[in-house]
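Input sequences plus hints: build the corresponding full structure.
Going down the list, the sequences are from chains Z and W.
Mapping of the first sequence onto full-length UniProt numbering: position 38 corresponds to residue 38, and the numbering continues sequentially without gaps.
Mapping of the second sequence onto full-length UniProt numbering: position 38 corresponds to residue 38, and the numbering continues sequentially without gaps.
Take the hints with a grain of salt, since some may be wrong.
Unchecked claim - A few chain W positions that, by computed beta-carbon distances, are all more than 10 Å from chain Z:
1. Gly22
2. Leu30
3. Glu47
4. Cys55
5. Asn91
6. Lys109
7. Arg147
8. Pro154
Stated by the list, open to error - Computed list of lysine to any residue pairs in SDA-like fashion (alpha-carbon distance at most 20 Å, straight line):
9. Lys137/W x His62/Z
10. Lys180/W x Val80/Z
11. Lys119/Z x Met1/Z
12. Lys137/Z x Glu144/W
13. Lys102/W x Lys119/W
14. Lys17/Z x Lys119/W
15. Lys182/W x Gly166/Z
16. Lys183/Z x Thr93/W
17. Lys137/W x Ser133/Z
18. Lys182/Z x Ala60/W
19. Lys173/Z x Ala60/W
20. Lys114/W x Phe100/W
21. Lys137/W x Ile130/Z
22. Lys173/Z x Tyr156/W
23. Lys183/Z x Lys119/W
24. Lys182/Z x Lys137/W
None of these hints come from the bench; they were simulated from the model.
C-beta atoms are modelled at their ideal positions from N, C-alpha and C, and glycine is treated no differently.
There are 2 protein chains.
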Amino acid sequence: MRRNYKKADLPVYQIRKYLEPGPVVLISTLWEGKTNIMTQSWHTIMEFTPSLIGCMITAANHSFEMIRESRECVINIPTVDLINEIIGIGNITGDQTDKFKKFALTPEKGQFVKTPLIKECYANYECKLIDDSLLEKYNFFIFEVLRAQAATYPRYPKTVHYRGAGRFMVSGKELSLPQKFKKKNLL
Amino acid sequence: MRRNYKKADLPVYQIRKYLEPGPVVLISTLWEGKTNIMTQSWHTIMEFTPSLIGCMITAANHSFEMIRESRECVINIPTVDLINEIIGIGNITGDQTDKFKKFALTPEKGQFVKTPLIKECYANYECKLIDDSLLEKYNFFIFEVLRAQAATYPRYPKTVHYRGAGRFMVSGKELSLPQKFKKKNLL
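Take a look at the structure:
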């Protein structure tokens with residue numbers, strides 16, 4: 001059953017908390033009045049402040065041009081209750097289909113982007129494209145996160161992590177070991 | 001207790017299997033006769049063929065210069081049995097310490113790089129630096145994986161995934177759902 005998350009703002013320098021573990025994300029886009037959603041997991045945190053994320057998105061993907069033109073997107077972090085949507089969205093193209101409608105996902109208004117957020121996801125990061133110089137060579141987008149929201153409960157999301165070939169790892173137990181770190185490294 | 005993995009070669013286009021889920025990695029380096037190891041988790045797959053990985057490594061890190069000069073490294077994927085080594089390696093600098101020795105890790109000879117692999121890790125990816133043009137602006141290295149090895153058992157590793165602030169997620173259960181994918185998407 002789908003989760004109904006209640007969310008709060010998350011400081012943008014803390015977005016690693018949910019993205020650095022490497023979950024599959026749903027990237028929503030808006031261009032010329034049409035929305036799209038893609039399933040993606042080739043991403044990395046690149047900086048705390050400004051809050052930067054790098055994403056490789058194949059140029060053949062419908063979202064590639066939409067992001068390049070609109071210069072924005074939302075990185076939404078879904079949990080395992082959305083596994084059918086994650087797979088379904090990744091297996092159809094968005095050029096003919098309204099994926100919000102097809103997958104019964106709720107578009108929510110952002111603050112810094114026109115692109116709708118996906119309400120059913122655990123976290124939503126509103127992103128502006130700040131560097132498109134690597135698109136030609138690597139299809140690599142560099143985004144700045146301008147606003148982040150995340151669910152207030154549970155403390156950590158049950159995310160899915162892709163291995164290829166139809167296989168996913170689901171996030172397991174949490175280890176909290178700050179006492180083993182030097183204080184200056186506890187970012 | 002530490003695992004003693006028996007390994008086999010993995011085709012380099014399949015390295016996503018263990019890296020795309022987003023684990024913390026140990027990056028080993030060699031320059032001017034000295035080795036080093038760093039704990040890292042800001043990385044992403046960037047391409048299947050050639051097999052590319054992008055990594056953000058802060059310039060303040062001792063490994064940054066070593067990789068820039070030697071133009072190679074090994075990305076080693078540790079499992080949760082090495083959690084103390086993962087944290088310990090991330091909390092001391094390598095300029096005065098032989099981390100292989102201090103953490104009793106076994107250096108193994110690579111095939112395409114001079115840098116030693118870490119025997120105790122589940123997988124080892126031998127990397128050459130193929131693009132350093134993003135170092136000045138983003139501290140971002142682009143590597144090509146020339147050879148990969150991974151443990152033959154267990155089928156999937158118990159990796160650790162960092163959230164910041166001394167907290168880790170440990171990989172949980174596996175979901176295999178290829179029947180829900182279009183065949184052409186089952187890479």
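- Query: Do the alpha carbons of Lys137/W and Ile130/Z lie within 20 Å of each other, as the hint requires?
  - Reply: Measuring from Cα to Cα gives roughly 13 Å; hence the hint holds.
- For the pair supplied as a hint, Lys137/W and Ser133/Z, is the alpha-carbon distance within the 20 Å limit? Given that 20 Å is the threshold and the Cα spacing comes to 12 Å, the pair holds.
- Are Lys137/W and His62/Z close enough, with their CA atoms no more than 20 Å apart? Violated, because 29 Å separates the two Cα atoms, which is more than 20 Å.
- Item | Consistency of the no-contact label for Cys55/W, given chain Z and a CB cut of 10 Å | Not fine: 8 Å to the nearest Cβ puts Cys55/W too close to chain Z.
- Task: May I ask you to check that Asn91/W keeps its beta-carbon over 10 Å from the closest beta-carbon of chain Z?
- Result: Violated: least Cβ distance 5 Å, not greater than 10 Å.
- Message: So if I understand the rule, the pair passes when the alpha-carbon distance is 20 Å or less; does Lys17/Z with Lys119/W pass?
- Response: With a Cα-Cα distance of about 30 Å, the restraint between Lys17/Z and Lys119/W is violated, given a limit of 20 Å.
- Taken at face value, is the distance from the CA of Ala60/W to the CA of Lys182/Z at most 20 Å? holds, 16 Å
- Query: Taking C-beta pairs only, is Arg147/W more than 10 Å away from all of chain Z?
  - Reply: holds, 19 Å
- Item | Holds or violated: Lys173/Z to Tyr156/W, with C-alpha atoms at most 20 Å apart | holds, 16 Å
- Query: Far enough from chain Z: is every CB of that chain over 10 Å from the CB of Lys109/W?
  - Reply: Answer for Lys109/W: holds, closest chain Z Cβ roughly 28 Å.
- Query: Does the structure keep Lys114/W and Phe100/W at a Cα separation of 20 Å or less?
  - Reply: holds, 15 Å
- Task: Measure nothing beyond the straight line between the CA atoms of Lys182/W and Gly166/Z; if it is 20 Å or shorter, mark the hint as holding.
- Result: Since the Cα atoms of Lys182/W and Gly166/Z sit roughly 10 Å apart, the hinted pair holds (cutoff 20 Å).
Hints 1, 3, 4, 5, 9, 14, 19, 23 and 24, counting from the list given before, are not met by this structure.
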